[in-house]
Every structure is written in C-alpha cells, then in structure tokens.
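Visitor: Using my numbering, you'd call the opening residue of the sequence shown number 1 and step up by one each time.
Do not take every clue at face value.
To be verified - Simulated DEER-style distance windows between Cβ atoms:
1) Gly-50 with Gln-112: 31 to 37 Å
2) Ala-116 with Thr-39: 16 to 22 Å
3) Gly-50 with Ala-116: 21 to 27 Å
4) Gly-114 with Val-61: 27 to 33 Å
To be verified - Keeping only pairs whose Cα atoms sit at most 27 Å apart, straight-line, the calculated DSS-like set for lysine-lysine is:
5) Lys-111 with Lys-29
6) Lys-8 with Lys-111
7) Lys-111 with Lys-76
8) Lys-8 with Lys-76
9) Lys-29 with Lys-8
No lab work stands behind these hints, which were simulated from the structure alone.
Glycine residues also receive a C-beta, built at the ideal position from the N, C-alpha and C atoms.
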Amino acid sequence: MNISPAPKTILILDDDRTWREIAAAVLEKRGFAVVAAETLDAALAVLDEGTAPAVAIVDLVMPRENGIQAVASIRKRSRNIAILGMSGNFDSYRAGGSAMRLAGADEILAKQAGPAELAATVERLAIG
C-alpha cells in the first residue's frame, strides 16, 4: 500500500478576503492545505479544534486586533508553529515588523513581495 503524507497545513489570518484567497491559491498550488481565518478569534478556534498548522501567516493591520496581539496569542497556544508576519502598508511593515518579531514571529514579509517569495518563505518555514 502506498500512502501519501498529508500536506502541511498553513493558517492564514487576514481580514482582507481577496488577499486570503490569493495566498491560499498560491500555497495550495505548492501542495499545502490552507485554513483561512478573518479574525483572531476564528484563528484561535482553528487551533483549539486541534488543527496543527506548520505555519501561521498573520496580517499586521486588522480592524479588531493587530498582528502583534495575534502573534503573541498564537505563540502562547503553540511554540511549534512557525509564524510569518505580513503587512501591505510599508510604514506599518517597518514600524510593526520588529514588534511582531518580539511577540514571536519567526519572519516578516511585505505583501508586495509576490507569490513566488511568499511560497518560498512558507516552504522554508514549514520545513523548520
């Protein structure tokens, strides 16, 4: 019997539905399973349900909570999840990137980086 390993799961936490869908499509093409959440509460519910993502992608700027709080909350739930902080706003990216790292993010990437860089970064983080 030839059993294929299950794809690694990626959690995307971002309030921008279009960006979530684009990022999910990019990562699914690379063989990842993707779970998307619009809010921190939804992302934490995914973790509490037993989903063990290899990587969590966390947006820095969201309306109800910020990415720094989200990174800290995810990091409290698990030290094993690699966390990629992202922002589409250059000023926020510069100012918030260091704070996201202090909160527990493993890497920071601008959303403008493009699909190939996003996929390569996630693949690197997923390998651990």
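Visitor: Decide, hint by hint, whether the structure agrees.
Guide: These are the hints, each one checked on the structure:
1. Distance hint check for Gly-50 and Gln-112: the Cβ-Cβ separation is about 34 Å, which falls inside the suggested range of 31 to 37 Å.
2. At about 28 Å, the CB distance of Ala-116 to Thr-39 disagrees with the hint of 16 to 22 Å.
3. For Gly-50 and Ala-116, the Cβ-Cβ distance of about 32 Å falls outside the hinted range of 21 to 27 Å, so the restraint is violated.
4. The hinted window of 27 to 33 Å between Gly-114 and Val-61 is violated, with their beta carbons roughly 19 Å apart.
5. Pair hint Lys-111 plus Lys-29 holds up; C-alpha atoms about 18 Å apart against a cutoff of 27 Å.
6. With a C-alpha separation of about 22 Å, the suggested pairing of Lys-8 with Lys-111 holds against the 27 Å cut-off.
7. As the CA atoms of Lys-111 and Lys-76 are separated by approximately 25 Å, the hinted pair is consistent with the 27 Å bound.
8. Simply put, Lys-8 and Lys-76 have alpha-carbon atoms about 21 Å apart, close enough for the 27 Å limit, and the pair holds.
9. Between Lys-29 and Lys-8, the direct Cα distance comes to roughly 12 Å. Compliance with the 27 Å bound is thereby established for this hinted pair.
Of the numbered hints stated above, those contradicted by the structure are hints 2, 3, 4, listed in ascending order.
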